[in-house]
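First to last, the protein sequences are chains A and B. Note that the working numbering has the first sequence beginning at 1, numbered continuously upward. Note that the working numbering has the second sequence beginning at 1, numbered continuously upward.
Hints were generated in silico from the structure; no laboratory data involved. All residues carry an ideal CB built from backbone N, CA and C; glycine is no exception. One or more of the hints may lead you astray.
[Stated by the list, open to error] Think about it this way: if two alpha-carbon atoms lie no more than 27 Å apart in a straight line, the pair counts; the simulated DSS-like pairs of lysine-lysine are: (1) B/K90 <-> A/K259; (2) B/K90 <-> A/K174; (3) A/K322 <-> A/K389; (4) A/K382 <-> B/K90; (5) A/K368 <-> A/K382; (6) A/K73 <-> A/K322; (7) A/K389 <-> A/K368.
[What the hints assert, rightly or not] Computed far set for chain B versus chain A, every beta-carbon distance over 12 Å: (8) S15; (9) S65; (10) N82; (11) S83; (12) D96.
Each chain, written out:
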Amino acid sequence: MKSPENIVIVGAGQAGLQTAEALRSLGYAGPLTLLGDEPHPPYHRPPLSKAWLAEAMDAAQLMMRSPDVLARKHISLRTGVRVTAIEPDTRRLMLANAEPLSYSTLVLATGASPRRPSFELPSTQAANILSLYRMGDASNIAQRMRFCLEHDLPVVVIGGGFIGLEVAAAARKKGLAVTLLEASPRLLSRSLAPFTSDWFEALHRRHGVQLLLETQVRAIEAGPHPELHQVVLHDGGVYPAGLVVIGIGAQANDTLARKAGLDCECGVIVDANGRTSHPDIYAAGDCTVRRLADGTLLRLESVQNAVEQGKSVAAAILGQNKPSNTTPWFWSDQYDVKLQMAGLSMGADHWETHGDPTSGSFSVHHFKQGQLIAVDSVNASKEHLQARKWLEGK
Amino acid sequence: MTTITYIESSGQTLSVDVTDGWSVMQGAVANGIEGIIGECGGSCACATCHCYVETTRLNELEPPSESELDLLEDVAAERRPNSRLACQIKVQASLDGLLVQLPDCQL
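Chain A on its own, in the form it takes in the complex:
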């Protein structure tokens, strides 16, 4: 295998940074460029829907590495750079407002974007209808929450997933009136056991969230004045809102890859080593979907996945085999509750609760045909770590 001469990474988030640092720690000494389309150097995303919304931290605390550290590692970071196209045949990237950039090996770590709703939105861009993925989004939400607090306006959250629930918790902590609308019959139904979902539903109700399940939003319409919109449901319900946060999932940013002819299916398709369908191009993190041994596709959106795939890609580029195949894990902070999940719960047919849920600390084991496949842990980090070991077969 020919050693790479010039590696370019598109995307300066968790996966991009991890790939860059892993390349250096594995001994790659050649040119290494990290391109980010946001104005900031790499930063931690998980706190955005938690401490950042609570305005309990400043921007410097979010940063993953200081520019000095990157410079010392000879990682050339270019922020505010948008890639408009990949030319695989000439190995060039087309950039908006800059000269094309050549590469010998390319890594796509382009992340994901909030899924757009299918319901009707006001025709003009409204400053109080927001989604959360980037630092700028979170800052806008925090600012808007302050405005709602000052003017006594309610908040509506659409979507009872992790982002929606964390935003609802942050808004309630500030004392805002919050309505949360979820389409399915229970919260976090794709991840959690029914019991855990019900426990979180009760938690949010106890904290004063007005929670509606099995509700379909029909439209967000202009309200009586510019600062107030109204969320209209299919059943005719109308909820005025000084802030609407839409958290209905994220979709992989795979447009560049698709246009360049790479195999994609709701994400850039990669193997366990982060190889795409093109020999010069690798991908890691939220933009990917992994082809498993049995042919099925697995899409993970998590810090752990970004970190692991970053390491796998760095190794693969340097001719080493370090596949990503550890047990997936995730976490969420809501109020004073830490939820940690290990494994993948798809297809579970039986659940067992351990510990005493009334004490606020318990775990639920998911089984599929008698086999333990996942564990939800609520304020039970020890059980979570134990579960990860079990699921790894240790």
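Knowing the structure of chain A, use the given hints to seat chain B on it.
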């Protein structure tokens, strides 16, 4: 600003000024100290900011929470009586000059 002295596993010692209210993990990461990862961003979820705090000053710190103790059971390097997660130590003036030693591995 409070001075925290980090001792990397290589033995290199760096004293840096950290903003009060920041965590010892954030102070390390921002200043490019080697040996602290902080994968989860300081949510006490990943155990990759394991450090050893100078033993004589351990009692000046807020004691570890239940979840920190749980995570400390799973750190990659040797766990010692003075093991802490750096993301859970808030920097304040009274900690001026605190010595924080970093292990040789976090994962």
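Consistency of the hints with the structure:
1. Among the hinted pairs, B/K90 with A/K259 is inconsistent with the structure: their alpha-carbon atoms are about 47 Å apart, more than 27 Å.
2. Taking the CA atoms of B/K90 and A/K174, the gap is about 23 Å. The hint holds against a cut of 27 Å.
3. In summary, the hint linking A/K322 to A/K389 is supported, as the alpha carbons are separated by about 19 Å, within the 27 Å threshold.
4. Distance check on the hinted pair: A/K382 and B/K90 sit about 23 Å apart at the alpha-carbon level, within 27 Å; holds.
5. Proposed proximity of A/K368 and A/K382 is supported: the alpha carbons are some 23 Å apart, at most 27 Å.
6. Of the pairs offered as hints, the one joining A/K73 and A/K322 holds, with about 22 Å between alpha carbons and a cut-off of 27 Å not exceeded.
7. Restraint check for A/K389 and A/K368: satisfied, since their Cα atoms lie roughly 18 Å apart, inside the 27 Å limit.
8. Once the 12 Å rule is applied to beta carbons, B/S15 is consistent with being away from chain A; the minimum gap is 16 Å.
9. Non-interface call for B/S65 relative to chain A: violated, since the shortest CB-CB distance, roughly 9 Å, does not exceed 12 Å.
10. Against chain A, the non-interface label of B/N82 holds: every CB pair exceeds 12 Å, the least being about 20 Å.
11. For B/S83, the condition that its CB be more than 12 Å from all CB atoms of chain A holds, with the nearest at approximately 15 Å.
12. Consistency note on B/D96: stated as away from chain A, and its beta-carbon is indeed over 12 Å from all of that chain's, at 20 Å minimum.
The structure fails hints 1 and 9 (numbered hints given earlier, in ascending order).
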